[in-house]
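Construct the entire structure; sequences and hints are all you get.
Here's the letter readout for the chains.
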Amino acid sequence: MLTLDNLYVNYGAIRALKGFSCTVNQGEIVALIGANGAGKSTILNSISGLVPLAAGKITFLGDTISGIAPHRIVRKGISQVPEGRRVFATMTVQENLEMGGYIRTDSKGLRDDIERIFIRFPRLAERKQQLSSTLSGGEQQMLAIGRALMSRPTLLLLDEPSMGLAPMLVEQIFTIIREINAGGMTILLVEQNASMALSIASRAYVLESGNSVLHGRSADLAIDPNVRSAYLGT
Amino acid sequence: MLLQQLINGIALGSVYALIALGYTMVYGIVTLINFAHGEIFMVGAFAGLYATSVLHLNIFIALVIAMIVCILLGVAIEQIAYRPLRKSTRLSALISAIGVSIFLSTLAQMLFGSNAKGYPEDCFPVSQIHLGSADISTLQVLIIAISALLMVSLHFIVHRTRMGRAMRATSEDYHTAALMGVDVNRIISVTFALGSALAAAGGVLVGVLFNAVSFNMGLMAGLKAFAAAVLGGIGSLPGAMLGGLLLGVTEVAGVAAGFSSYRDAIAFAILVLVLLVKPTGLLGRKIQKKV
Ligand SMILES: Nc1ncnc2c1ncn2[C@@H]1O[C@H](COP(=O)(O)OP(=O)(O)OP(=O)(O)O)[C@@H](O)[C@H]1O
Ligand SMILES: [Mg+2]
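Top line first, the protein sequences correspond to chains A and B.
Here our numbering is used: the first sequence runs in plain steps of one and ends on residue 234.
Here our numbering is used: the second sequence runs in plain steps of one and ends on residue 291.
By construction, these hints were calculated from the structure, which means they are not laboratory data.
Hints are supplied without guarantee of correctness; some may be wrong.
Said to hold, decoys possible - Taking lysine to any residue pairs in the SDA-like style, the calculated list, with each CA pair at most 20 Å apart, reads:
#: 1; chain 1: A; residue 1: Lys128; chain 2: B; residue 2: Thr161
#: 2; chain 1: B; residue 1: Lys87; chain 2: A; residue 2: Gly109
#: 3; chain 1: A; residue 1: Lys57; chain 2: A; residue 2: Gly67
#: 4; chain 1: A; residue 1: Lys76; chain 2: A; residue 2: Lys128
#: 5; chain 1: A; residue 1: Lys76; chain 2: A; residue 2: Leu110
#: 6; chain 1: A; residue 1: Lys128; chain 2: B; residue 2: Arg160
#: 7; chain 1: A; residue 1: Lys76; chain 2: B; residue 2: Asn185
#: 8; chain 1: B; residue 1: Lys87; chain 2: A; residue 2: Ile14
#: 9; chain 1: B; residue 1: Lys87; chain 2: B; residue 2: Val75
#: 10; chain 1: B; residue 1: Lys87; chain 2: B; residue 2: Thr161
Written out as structure tokens, the structure reads:
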């Protein structure tokens, strides 16, 4: 479904990606794990078109999407939940969800989808007229996920959904991700919480300074001695 | 007497507010002080002058024409002078803005000469309305009504339409707005278009009110409107409206109190005083660093 082929990204003199390649198949959850600064967010942002590639190619459902503007990539069916949630603080919960559905014009369908998101996240429903800046971290993460679903994507990019959340909330967020995937959504998940990521992903790529050093089935990576000592702390 | 001055102040302040809105909207979206904005106002005044005195058009049609001319001008300025510099330092964009400003006023001087020109006498029938002790001219009523109408429309666009929501999203977080599918470049063009249309309206209204249109009128009006925008809190739309009105009323009050030789200094004195007490301006939010 998604193929990243030999991606290079530079920020000025900083070389953030050095020939990274990976594939994501329909219906999968694929995890990207790695330390701070390994280049995980850069990968998601290059898929979304926010950062230009120095070299390499990205194809999605048979089309080349590298070099296309971000607003067109959303219309191709790729939605991103950015790192740090980035909800629109000056807008209400309801307005944030409406922003998520910006590319759509079917107002009936939009209203139904917002209702569906409120059923999935009852805590958002109770706070729909509240400014999103007043939400807790966990609620903001739910809002960011709900907002990304509003464009009805076929591929969902999640950047560190567990960041800064208490363990119980992390469990809850991962249960939701699993449910969304069970509904047929393909997911590319970036996580520092490697054990959680490996527990829900079918496959994973381990990143170190801009390239993948290891990839394979999550079950295999979870028992790999190098992965265990470097990322699972065991 | 007091009522009279208040109305004079509100009429002048409405025009400042119209121009100030353009500064604040553009700043809110691209964090750039559009130094050419005062010249857009000047071009609006000339476009209205041309439409009324040469084409003999009705003042309302002239207003619409001036707004269209300035929309095109504002959008072109952004694409030619600012867009290529969007990823460079703020200073380069600022210098480019000053360049455009000098270019436009020099061009106007070459085309229309150095002498101030007036709108035709009969372009708007002025009569006096007596309201208690005050004499209000129909021209003041016109200025206040048109300004109010434009500001209400702007508020409606920004808060009640899909485009407005995209503008707010872009002004808050450019990258995340793009992730929602917003074509950020288009939103920036729309912002320049709206701001320039308001400045054009201000230009025509000032042209009729003071009956003096000149190539350098954008400088002082632009500076004062900028002061109004900062006074209200740069980036805040209600702030620009409040700042403009406040500035107009105080300026008129200052003149009435006998400080007419300090007329232009009053705006900046207030600005300095307010910023000392509240650096973000009256309605400004904490200044967020854009990423
Ligand atoms: N806008 C930028 N300008 C300059 N350098 C950047 C920029 N964004 C990222 N980098 C650098 O690129 C490298 C990869 O960053 P990236 O954000 O992709 O890492 P990450 O794996 O997502 O890290 P984290 O886990 O901390 O989010 C880092 O060295 C980072 O400092
Ligand atoms: Mg990251």
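Structure-based check of all given hints:
Restraint check for lysine 128 of chain A and threonine 161 of chain B: the C-alpha separation of about 19 Å stays at or below 20 Å, so the hint holds. Note on lysine 87 of chain B and glycine 109 of chain A: the hinted pairing is violated, with a Cα-Cα distance of about 38 Å set against a maximum of 20 Å. Between lysine 57 of chain A and glycine 67 of chain A the CA atoms are separated by roughly 9 Å; this keeps the pair inside 20 Å, and the hint holds. For the given pair, lysine 76 of chain A sits about 28 Å from lysine 128 of chain A by alpha-carbon distance, which is inconsistent with the 20 Å threshold.
The hinted pair formed by lysine 76 of chain A and leucine 110 of chain A meets the criterion: a straight-line CA distance of about 18 Å does not exceed 20 Å. This hinted pair checks out: lysine 128 of chain A and arginine 160 of chain B have alpha carbons roughly 17 Å apart, not beyond 20 Å. With a C-alpha separation of about 19 Å, the suggested pair lysine 76 of chain A and asparagine 185 of chain B falls inside the 20 Å cut-off, and the hint holds. With a C-alpha separation of about 17 Å, the suggested pair lysine 87 of chain B and isoleucine 14 of chain A falls inside the 20 Å cut-off, and the hint holds.
The straight-line distance between the Cα atoms of lysine 87 of chain B and valine 75 of chain B is roughly 18 Å, inside the 20 Å bound, and the hint therefore holds. Taking the CA atoms of lysine 87 of chain B and threonine 161 of chain B, the gap is about 29 Å. The hint is violated against a cut of 20 Å.
Checked against the numbered hints listed earlier, the structure breaks hints 2, 4 and 10; every other hint is satisfied.
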